[in-house]
Structures are given as structure tokens and as C-alpha cells.
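Visitor: So you can see what is in the structure, the chains are spelled out below.
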Amino acid sequence: MTTATQDPAPPATPDAPAGRRRRGGGLASYLVVRALLIIPTVFILVTTVFFLMRTTGDPITAALGGRLPADQLAERIREAGYDRPLLTQYLDYLGGLLRGDFGTTLSDRRPVTDVLVTYGAATLELAFYSMLVALLVGIPLGMVAARLRDRYPDALLRFFAIFCYATPVFFAGLLLKLVFSVWLGWLPVAGRVSTRGELQLTRGDTHTGIYLIDAISTGNGDLVVEVLRYAVLPSLALGLLTAGVFLRLVRTNMIGTLGSGYVEAARSRGVGESRLVRKHAYRPALVPIITVIGLQIALVLSGAVLTETTFEWRGLGFQLGQYLQARDFVAVQGIVALLAVIVALTNFVVDVVAALIDPRVRYS
Amino acid sequence: MSRRRTWRSLPVVHQLRQSVGLQRGMLVTGLVLTGLLVLTALLAPLLAPYGYSQLRDADGTFGAQQAPSAEHLLGTTVGGYDVLSRVLFGTRTALFVIVVAIVLSIVAGVLLGLVSGYLGGWLDRVLVVIADAVYAFPSLLLAIVAAIVISGGQSSLVGGVLAAAISITVVFIPQYFRVVRAETVRIKSEAFVESARVVGTGTWRIMTRHVLRNATRSLPLIITLNASEAILTLAGLGFLGFGIQPTAAAEWGYDLNRSIADVTSGIWWTSIFPGAAIVLTVLGLTLVGESLNDLADPRLRSRRRAADTPPPADVAVTPGGGLAAGTEGSTP
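Chains as they are written, first to last, in the working numbering: chain Z, 1 to 364; chain V, 1 to 332.
For the record, the hints were derived by calculation from the structure and aren't laboratory data. Think of the CB as a built atom: it goes at the ideal place given N, C-alpha and C, for glycine as much as any other residue. What you were told as hints is all true, and nothing was included just to trick you.
Here are some of the chain V residues that sit facing chain Z, going by a computed Cβ distance under 10 Å:
1) P138
2) G241
3) L285
4) L287
Some residues of chain V that are not near chain Z, with every Cβ distance over 10 Å (derived):
5) L16
6) V38
7) L46
8) L47
9) A48
10) S53
11) D57
12) V115
13) V193
14) A196
15) G200
16) R209
17) P220
18) T247
Just chain Z, same shape as in the assembly (with noise of 0.2 Å):
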């Protein structure tokens, strides 16, 4: 993970003292070009993906072909204007795409928004739960790792990252449903809620779809439980993935400040060592997780599709993975395509943030 190894601290630019002024005025162009990009990154992303998928012919072929005569396939390409003209296709399904339209998928004849608003709920909420797993494992024990650095708990650490980071999600959530679901009893083996419980929760009109919210709001404490007791294991699966890589990276961090001068300075004021870590080292190392974060929500979704697939968490990635295995390539089109507006989204703010933070990477 190149990620992982990045420098703590970009090389200042120098600036002169003239430059005052200007550093408002460069927070804001600044930000006007990262939000301007937003708009190349995706549309090339788009573009990529909507000429890839089509240089092996049409979907309705590629869903169907085989399957239904000749002239009833040819009749349902017509009828999706597959037959016209690529660079026609192509400004379609731009057209519909800034209208919020990512097509209709051929399997279950549903429009794709619908697809992305019913599932994206559960990813979203799977994402956060892993999230948090990884940031609360995955900070502390790197710092652990920096303070004890080349002793054999910061070995154990190295070794526990790498290992994190060698597992593959579903292999790591085949074992865990193994052990805590079937050998121990102790969790649900899959899915969000029991059948039970759906029907409870999506019982009112308003529910959002992330289940805990819906939940809380029910005002059945019973039922928040089961929902947390089903999302522990794909959470834990899908976060000690994203934990060893924020692990590797607050210890490099911690390493590289804890050897800095100001550090240095208060250890020899008498500072102890645990309190140079509390108060002086973490804040500075800190800084470049928030970057990462950013960078890992494409690690996250990759991990996503695999975790659903494995725990049957009705998700996007499952769903994906269904759409798949069904060749709807029109739903994985539509799917693909708005994890590219998400990740790009998740970038620019992470931009903005790190900006907002740091004043050097404005003039990188």
C-alpha cells in the first residue's frame, strides 16, 4: 500500500512575507480549481466505463444472447436503441446522467437511481461501522507501535498490520462468521436484520434505510440491539482490513514527529515519554489520516462489494455482485458509475479539509 508510506510532512514552500495577503486569495482559487476537477475526473471515468462495456457489443446481447432467437433479440435491441450509432448512445446517456437518469437494468427492469437509493443506505451505513473500527483499532495501537517502536509489542503491531492487510475481507469474514456465528453461537451468521425485525423497520414511511437509525426511532431497544449484533461481524471484517493501514501509517507518522525538534526540546525540559506522546507528538501525526481517510474510501468500497457478498448485507456491493452473476451490465454500468461521483466527491472534501488544515498543500 503506497499510501501507507507517505512522507509525514511535504517540503515547506518557502514563502515570502509579501505573500500575506494573497494566502486568502489562494484558499479560494484554490478550492475553485480542486471543484472544478471534480468535473474531468468523473466525466472521464464515465466516458472510460461506458466505452469499455460497449467494445464488446450491447448489453441485451451480453445479458441474453444465446438464450432468446435471433429476431426477438434483435427486436429487444431495437427497442433499447442499442442499434443506433455509438457516439448517439454515448450523448444519451450523458443527457441522462446530469438529469440523474443511470438507465434501467435488464434483469429486474428497475431504474437504476431506484437501485442506488434502496441499497446505498446499507453501504453507507456498513462503510461508517468500519470506519469506526478501523480509526479506534488502527490509531491507538500505532501509537502504541511509535512509542515502543523496535521493541516486540511494536513487532507484534508491524506483523498484526501486515496481516490485516494480507487478508483478504471475505476470507477474514468467512472466518469470523466460522467462529463467532456457527462454532460459538454468539452472532448472526448473515444479513441486516432478522425477517422479524425488517418488517418492523420498514414498517413507517419514513425509514432512511440505515437500519440503526430506523431503529433508534422505532423506540425498540430490542430491536437496536439486533441490528448492532448483525452488523458486528461484517463492521470487524471489513474494518481490521482499513485498521492495519491506519496503523502503519500513525506509526510512521509518530516515528517522524517524535524525532522532531520541538519534541526533542520538551524531552529534554524533563517531559515525560508517554506525555511527549499524549501532548506533543499525536496532534502533528494526525494530520495526514485525514487525507488517508479520503484515499481509503476507494479501498472501503472495493472491501464493500466483497463483505456484502460474504455476509449478504444488502448493499450496493452486493446487489453488484448479484447484477453480475445475472451479466446486467446496464445495473453494474449505472452502479460503477456512481461509486466514480462518490469517490470523486470524497476526494475534493478530503482536498478541502487538508487545505483548510495544512496552509503548504495550497501551493503544491
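Go by the hints and put chain V onto chain Z.
Guide: Frame of chain Z, contents of chain V only:
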């Protein structure tokens, strides 16, 4: 004497001599695991009791989901294959995919990076924007799209293993592109390039003779880290049912996908062993990559004399370290 020096300056050997203590332990562990992978892949037909797509022997069919026994040391899968044989043959698929994916992406990425960085202009700008967009995208999804394109929706159109390798290549090209381009931009303003240009050397010759050599120095690091990522992506593709048919080759991700239902009914041997194979492979490659990375960064390199008054107990937990070498590590 001179032969020994050449031997010492080989990439991995040099780092091995440079390393101490914990870092040496990690590097050695990684090298051993990677060596085991290569050996197993080479010797798979000799080691494996059955073929990877074999369903029956002289005594009849193996039967599905048989628990580990004398005939099937690791049991059989839901499809009736021998787990041990498939795990062993899986190393061949893994190694093949690593090699093909990395060779292809290096060739494409280095070439594009070199041209883009050296020539500059609008081509450079377009390539950079595309590479950045692709780089930011979830790699597994990219590999899925590539797999759809290559297999054309029909999973057996091109040889499955090759298709998987090419899908993974797409993910890696931007990484090599970025590194090589950045280095090229830096190098092209160096004096030796300038003087080559003054002498009248052709653009292509400057790029291949003068820039390429210097721009590719950090590639070994990326290669080892990419090798492990290639295995994870391959397994991910297989797990989503986009990999290789079981009759075409043994692939761990596919086997894990088929074992999801087994786990629920408490059948552990179909998932644990292919999964462990993935973990060990990735672990080995990552340990090598991480160690090389740390050794390349002086701030992270463990010093020969441990920092700031180590307690005496520390001596015991640094296996293989310490006394071995003087200061060869710092000589060029």
C-alpha cells in the same frame, strides 16, 4: 573479489545485508514465504495427490464435501474436487497472474510515463488527468470492468487466467505511469540529458539510454507491493464469480466463493485452506515489499546501535540481528 561485490549489490541481497534485527527477520520471513510459493508452483504436479480438476480416481468419484481423511488430506470441495490439490495448483495460477500482470503493466506504464514526462505538452496533461482519475477509482471495480471487456461477457472466451491477469494490469498501469513520469520530469533537466541533447542525440535514444535507467530505480518497491495486490485482486475477482472456471485452473478466490454456504453449515476445510494460501502468499510478498520500503527510507531504517538506551531485555527479541556485518550497508 569483484564477483563478490557484484553479488552484494544485487537488489535484494544488498538490502538483506543492510538490514538488522527485526527488519531482517521480516525480510527473511518474506523471502522464505515467497520462495515457498515459487517452489510449490514449480513442483505442484509432483506435490499434489490429484489433478486440480480431477473428480474421480480408480475407486470411483471423490464425493462432495468429504471431511479430511487419508485419501483426501484436506477433504473435498462442494464440487467434489480435492482441496489439497487445488490449493497446491492454485500457486501456479497465482504466480502466473503476478508475472503477467506486472510485466504487462511495467511495459505499458513505463513507456507511457517516459513519453509523457519527457515530451510534455497536451499529451502529458491528458495522460496525467486520466491516470489520476483511474488511480483514485476502487481497483476491484476497475478490474471487474476490465474483466467484462476482456471476456466480452462470456467467461470462457479468452483463456481465463490470461484475462484475469490483463484485468489486473489495467489497475496497475497508472501507478507505474505516475512514478516513472515524475522521475522523468526531474531527470530531463539534469546536466547529462542536456549534454546528450547538445551532442545531437535523438529523442528516442535519450529516453531509452539516459532517462529510462535513472527513472526506474524505485520500481522494485512498487513491484513487490503490486505483486501482493495482484493476488488480492485476483482472489476478489474469483470470489465475485469473475475469475477462472474450475476446470481451466485452480483459483483460490473461486474456491472461497463456493465455500460460503459450507461455512454456514460448519464445513471448515473448504474455506480455511485456500484462504490460508492467499494470506501466506500475500504476507510473504508484502513482508518483502515493506522491508525493502523501510530500508530505502533512512528515517525508518533500524539503526545498528539501537536508539536511546534500550532495556537489556531487548537483546533477546531481535533474532538474527546485530553482530553480522560492519558497515557494508552504507558503501555504494
